[in-house]
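Trainee: Residue numbers (this note's numbering), protein chains in the order written: chain A, 1 to 450; chain B, 1 to 450.
Among the clues, some could well be false.
Which copy is meant is left open, so a pair is good if it fits within one copy or across any two.
Calculated pairs, BS3-like style, for lysine-lysine (alpha carbon to alpha carbon, straight line, at most 27 Å) [unchecked claim]:
1) Lys141 - Lys192
2) Lys254 - Lys365
3) Lys434 - Lys365
4) Lys292 - Lys124
5) Lys365 - Lys192
6) Lys156 - Lys292
7) Lys124 - Lys141
8) Lys141 - Lys156
9) Lys292 - Lys3
10) Lys50 - Lys94
11) Lys141 - Lys365
12) Lys44 - Lys292
13) Lys124 - Lys94
14) Lys44 - Lys94
15) Lys124 - Lys44
16) Lys44 - Lys141
17) Lys434 - Lys141
18) Lys294 - Lys124
19) Lys44 - Lys414
20) Lys3 - Lys141
21) Lys156 - Lys434
22) Lys156 - Lys3
It is worth saying that the hints were derived from the structure and are not from the lab.
Protein chains: 2
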Amino acid sequence: MTKPLIFNFMAMVAPSHAATGIWRRPGSTALNYLQLDHWVELAKLAERGKVDALFFADQFGMAEGAWDLVIGNALHYPNGDPSVLISAMAYATKELGFIFTNSVMQQHPYTFARIATTLDHATKGRLGWNVVTSPSSRAAKAVGVEGTADHDDRYKWAEEYIAIAYSLWEGSWEDGAVLHDRERGVFADPAKVHAISHAGTRYRVEGPHMSEPSPQRTPVIFQAGSSAVGQAFAGRHAEGVFIVSGSPEAARKKVASIRQAAVDQGRSPEDIVVLEGLTVIVGSTMEEARRKAKECESYVNSEVVIQQLSAMARIDVSQYALSTPLSELMAHSQGIRSVLDMVIDTMPPGEVATVNDLLHYSARKMRIVGTPATVCDEIAAYAAAGVDGFNLMYAFMPGTFDDFVDYVAPLLQKRGLMRSEYSPGTLREKLFGKGARVRRSHPAFRCRAG
Amino acid sequence: MTKPLIFNFMAMVAPSHAATGIWRRPGSTALNYLQLDHWVELAKLAERGKVDALFFADQFGMAEGAWDLVIGNALHYPNGDPSVLISAMAYATKELGFIFTNSVMQQHPYTFARIATTLDHATKGRLGWNVVTSPSSRAAKAVGVEGTADHDDRYKWAEEYIAIAYSLWEGSWEDGAVLHDRERGVFADPAKVHAISHAGTRYRVEGPHMSEPSPQRTPVIFQAGSSAVGQAFAGRHAEGVFIVSGSPEAARKKVASIRQAAVDQGRSPEDIVVLEGLTVIVGSTMEEARRKAKECESYVNSEVVIQQLSAMARIDVSQYALSTPLSELMAHSQGIRSVLDMVIDTMPPGEVATVNDLLHYSARKMRIVGTPATVCDEIAAYAAAGVDGFNLMYAFMPGTFDDFVDYVAPLLQKRGLMRSEYSPGTLREKLFGKGARVRRSHPAFRCRAG
């Protein structure tokens, strides 16, 4: 039997995530995104389906784009803070993991480290942290930060931030510091608790970690950077990397390059699990699946896509008719050419021919549409390309995740591609099989005290 | 019938709160303070007893005091972040309020404002915020802040912080901005969402609030400052003030001065509810109650109290034998004299005679010990002195709160001193009876847009 793949449900505490506009669908519960019931039901569904974790994306600061378009269409804005919703979901489940995004821009690492430890205790070691650096200039202005336009500088910031967090989690309370000795009245051994002393570019931290050690100490570290600097960061720190490749072939290249980045940092290739981002749209027939996919596209505001595309290509795509052949665009602009090169790199030839095709390309790229059997085949193809698992995104809420649990998961399990029972232990043990704590080759390990 | 009093259960995500050392008690569940079950059970108990809210104290940064003493005795350290535990408790209850402490030192107001809005949504408007300024120099060093020794400066900081929060909560999303129009695909009216622009001493904030308005928008504001500056802050901002008076007579003075502070700021005296901090130790007989009180004292490490006392009086109290008469100490030190003046001000003459008495004074001051009937009498005496309610602290966990729910609450309800059913609506409506939003006289009201 093949090693089972990892399956996470990905969401955002917002009216929609990957499939913009789906809150508009009649009967959609997506607008309940600020109600606890909504999240607890999703967590229960995921656990019923033996899904590994809920993966909470986040957009700190208002998303980039024209003011009217972002607010009118709820493009990842407004949103809520995922960290404060996790405990309700954790209380209603036993095995499901909770991976949440926290930007280094969002709060001081000393404050964040306590939040993560509290949650790792509350979930009994089921916590993961998706480290992001908030490229948005709106986010930077919201918290009064200057000079974050520079991409490399943001990763330096992340390096300092994560180093402080590791020191607090791993280096402040030694193993054996906690005594809980009721008889003698000694809660902990003061000699085994250490003050962290950090004086760096952005932070000065003096003091011991505020919380006693949680099951995993350092939560499982996730990352999604695809730039050279981002990949080096992932190679050093990530235990899980989230990619969007669009095809098994493209994924194969990315997986190889991520594993190489780990090796370059003195880690093992298998120290990182690589997760492909996918929206699985399933129907009992291919026709039904295609109808759903088409319905999903119908909620997308084409102005939004044109804006996203214009930003990527650095031209005003709205000046072209939707039927304009791409060959014509490529003649006009160097920016659009580079976008198209990227597209063509991962798409079967001929599939993208006009501006209209391009508009739906990005969403289609992350999609698998089919019957449970064909979906399993496509997932197996990704697995054969070396992917360790998937961050599944939803097209409909409810609908997409329910279909996965009811129709796809049983078939995946039958084929040995998905676990039928949870493995015991913390999220790290579930993903890697051995040890609740970071491996010896991980930089957090070197922060251990004692 | 008298207006019912307010009763909150007060706790800290720590091994003990007011009664230090009680985690040592055989059978105590206090060491489960990082488990969700622990808090969910407490929330359910509180709601069964028609208690108004759980009030979470917090100690951001390691507590002041000798390293060995703080860690060895778990003096409010280590601890966990209460904000991330609330959703589990909220999911398990329907009416109970959740008041949590957040220091202005802890995180950026833009980040905090989203957390509070997310929680006010998740609790359906049951959220309160206890504003504190973290006097501890350890807290300041932990987050690399300079110059926080100055008390008045900390309140200026708090003024700036809370003004930003009000702008985000009240001034960013106008009433009517949220449309949720599925048909037309318009989530919100972009013209009714406003960017906040703040450039102050400590913060620059540019951007709209990240979340759509929650039921209360501004959570109910609590405060506990007793200095002149602290009282002026409370007069401006607080909707609830937490005091520790030690006697109805002392409470009467404090209540009068807080109501005057509100009037000085153009608010009504009844715009603030004043809550006395009390530990209620109840027994079926007076003897049983006294035995429990004595047992509670037995877990307190006298070194801890000596240290606290020394810090207050600015002399080394440990150089005196426990039997030393206080008159002798007063002859030695001006510092201890001022402490004793404070003590004598609120205690029946003759009750504090030796150093040993003094050691237990602070804890005793906050205590009512008796049968359900005598406890009700003492509570009624506070009510007659003008107190609006109580932040109840625990001596034993479990025990104190269970006793209150089972033996004291029914009697209080019979006497019309406590509500028998929750009033409908948000926490603000439950406490003040009218309107989920801040009153017209509150400074947050002036931040409204549109």
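Trainee: What are the numbers of the hints that this structure violates, sorted from low to high?
Mentor: Hints 3, 4, 5, 6, 7, 9, 11, 16, 17, 18, 20, 21 and 22 are the ones this structure does not satisfy, whereas the remaining hints hold.
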